[in-house]
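Given chain H, put chain S in place with the hints provided.
Taken in sequence, the protein lines are chains H and S.
First residue of the first sequence: 1, per my numbering; consecutive thereafter.
First residue of the second sequence: 1, per my numbering; consecutive thereafter.
What the hints contain is simulated information worked out from the structure, not anything from laboratory work.
Backbone N, C-alpha and C define an ideal beta-carbon position, used for all residues, glycine too.
All the given hints hold, so there is nothing to weed out.
Computed footprint of chain H on chain S, listed as stretches where at least three residues anywhere in the stretch have a Cβ under 8 Å from a Cβ of chain H:
1. 245-251
2. 306-315
3. 357-367
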Amino acid sequence: MKKSNPNPNANRNILRLAYVVAGVFVCMLLYLGYFLQFESGSVINNAYNPRVDLLAERVVRGELLSSDGQVLARTVTAEDGSERREYPFGSLFAHVVGYTGNGKTGIESLTNFYLLTSHVNLVEQVFNEFSGVKNLGDNVVTTLDVRLQQTAYDLLGDRRGAVVVMEPDTGKILAMVSKPDYDPNAIAENWEALTADEAGEARLLNRAAQGLYAPGSTFKILTLLEYLREHPEDYGEFRFDCDGTYENGEYTIRCYHGEAHGSQDLTQAFANSCNGAFAQIGLGLDKAGFGELAEQLLYNRQLPLSLPYSESSFAMTAEADTWETLQTAIGQGRTQVTPVHQTMITAAIANGGTLMKPYLIDRVESAGGQEGKKFMPSAWGELMTAKEAADLTEFMRNVVATGTGSALRTDAYTVAGKTGSAEFETGRETHAWFTGFAPAESPKIAVTVIVEEGGSGGRAAAPIARGIFDAYFSGN
Amino acid sequence: MTTLILEGSKYLMTFLMIFYAYLNFRFFGERYDIRKLKLCRRQNVVMFLIHFLGYLSLYISRGEDRILVFYGAQVLFFGLYLVLSRVFYRNISRLLLNNMCLLLSVGFLMLSRLNMERAVRQFAIVAVAAVLTWIIPFIIDRVWQLSRIPWVYGGIGLILLVAVCVAGTTSYGAKMSLEFQGISLQPAEFVKISYVFFVATMFYRATNFKAVAATTAMAAAHVLVLVFSKDLGNALIFFLTYLFMLFVATNNWFYLSAGLAAGCGAAAMAYQLFPHVQNRVAAWLDPWSDVADKGYQIAQSLFAIGTGGWMGMGLDRGLPGKIPVVEKDFIISAIAEELGGLFAICLILICLGCFLQFMMIATRMQAMFYKLIAFGLGCEYIVQVFLTVGGAFKFIPLTGMTLPLVSYGGSSVVGTFIVFAVIQGLYILKRNEEEDEKE
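Looking at chain H on its own, in the form it has when it is part of the complex:
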């Protein structure tokens, strides 16, 4: 009964286009499904998402736990139903765990969504709905180690500065201390004083991740690496005669406190942190190549770090003049680095050149202790070759064995590291640095210490690292 169709082509084309459109829509809906199932969790856990706080009306914020299960933060519900966030360790974990109330920072902010999501069993949830009781939010187990954090915190004492402790082969951050600190339990009461900051202390600033410092002699690791790359065959023949000051035309570079190191090969120059030797090395380097190396080691780049951080900067260009080149080679000049970034470089050396992404959250558990999401170590990429990492390790061992890192000389374990004393303002004490790892032959932890205006790295920063290594190896 059907009439013959006068436009068979048109109809075929209409159907073709309809199929294409349907196909595109199917793709779009699959994309939405993928987003809902796999991506939404990490997307909505964002400080700019105002919705997460809505969850707080239905869920009691979960606990933050140290790696061995000690409570770092918990919510206490009073009899009248009001809630208060309690930090049992006070200011010990102030920056890294963060606070809630006046905004959120640290791990409190990173894990906001997990803490406000409940995975208690369904029966209990329905029962809670009926009785109008809030469900218990999930707990988050961090990678933080209370004993190491406490050790670093005590050793830093009243001095300003920061300590970062990380596992090179996993990227787990075991401790992160920043001083001066604040009491997160009293953040609301002290808010005005803290933000007004009349003393210029910047107590709220997490110096470990956001503090930018001149790297001082710790930067010689990069200068050395560039030199090794440019002189793969003959670096063993390097010699420098140090009389305490290095002169180049009108410029003078002095070794720390004008100490004369005498005749130095490359290993000795690095171990003794001889500025003259490294200034001379710096002048001979290919500046463009040096810049590339710095960027390979994450200067001027985003770090794979979920906490807020400052970007380290390496400002020397290929056109830099002699003075800037001399300064840059010994870690002065315009170069700036954060302690956490320095730790990542050191950890990569310890881990055969491969940088593991630093992370703070080990796993999420329901209030009943059932394991939920688990975070696994993941590699970020290679900062250098395994051979280069092994060579640098050897140089850094000698810093401790024969050079400025004498505070870490012990029979219990071998440390590879580098000290630094960074000038930042004429007439003031230098910032004291130490960065290193142990045991040198099979590294377990990497440590970076900075003590603001602490003086010499070997005397002020290295002993703190020593204490942390001691605590770690006596405990395990």
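Just chain S now, kept in the frame of chain H:
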């Protein structure tokens, strides 16, 4: 207890919506009219149930009596519209009619939750549009001269667009509306229809090179004026629709591929010329690096959809108000947030179902004129749905279009009513013809 009702109706609504979408696609596979009729009756029941549960939740949550009054008015409207449409036009497509009502009811529900005043205003416009557009199928059936006045369609359309370009008011960087005496109109929503009529009449008369050249010139003029008004979303809709209509009318693959190539070239040029296009593309590629500014809209939309998850937060229990222009461009995100991702997916499938119905009608029309009209209007409809929804999901860059029948916006909803009425007119025409033949 309140939470239990709210939670319960949330799950029930999602289930009903899935069932509705299922019926919608079952319809295409059904051969017998009696079964189709049964499916459509079920759809009506399901629609009223969803509508009821939605307003029940909203009433429980807000406790405002005006919600009940508004709900009553809507039930009355939908009841009358469904019944009277069938009284006036025995052969109306019930599936299309049902889908229209479902999309409207979900739109009303979401608008009531977001902004009661706007919802009421939208409802009033819809009621008037519904009554006025009842005449359209009648006209299509009787007035055969419609196919003889291409330059009237083309001329009126172009004049309106030029008027917007010259005297229009700017919102979000684009000139889109004309204002007089407090009433704001978006002529592009109506020009969309005259434009399809223009192209259809032109190609109905001839598809030789000369006709193609003349039509292309006029279509290009439409698109260019839209580009000058920076209304790039509509420009894209007009462009694609013309290209597809040209392809269907001429069966010429060269036109299609050359047109698509030219379109890509034009898109690249638009990217170079317009900073706001660059911003949109940047925000699409990575909204997270600039969440506070450029990526704000899309990030808020994704937060809404993500927080809602598959099942949604429950009506009135999310924060869709945090998304800028949520009633217009991001209504689908608000739906996904509170009614759930599954609900939103079903809603989009129903939109796709409408489009497929348009295409079926297009293939069944004998005259090229009617065929092209059904096809062209269908293209405009689905491209717009795609731009809105894809933009809100970050599937494609944002263009800032409304979701027809669901989003807030008078011109948009009236224009869509006309489009659906025209399609219904064609369907009725065809069915009447078939009945005549049988007798």
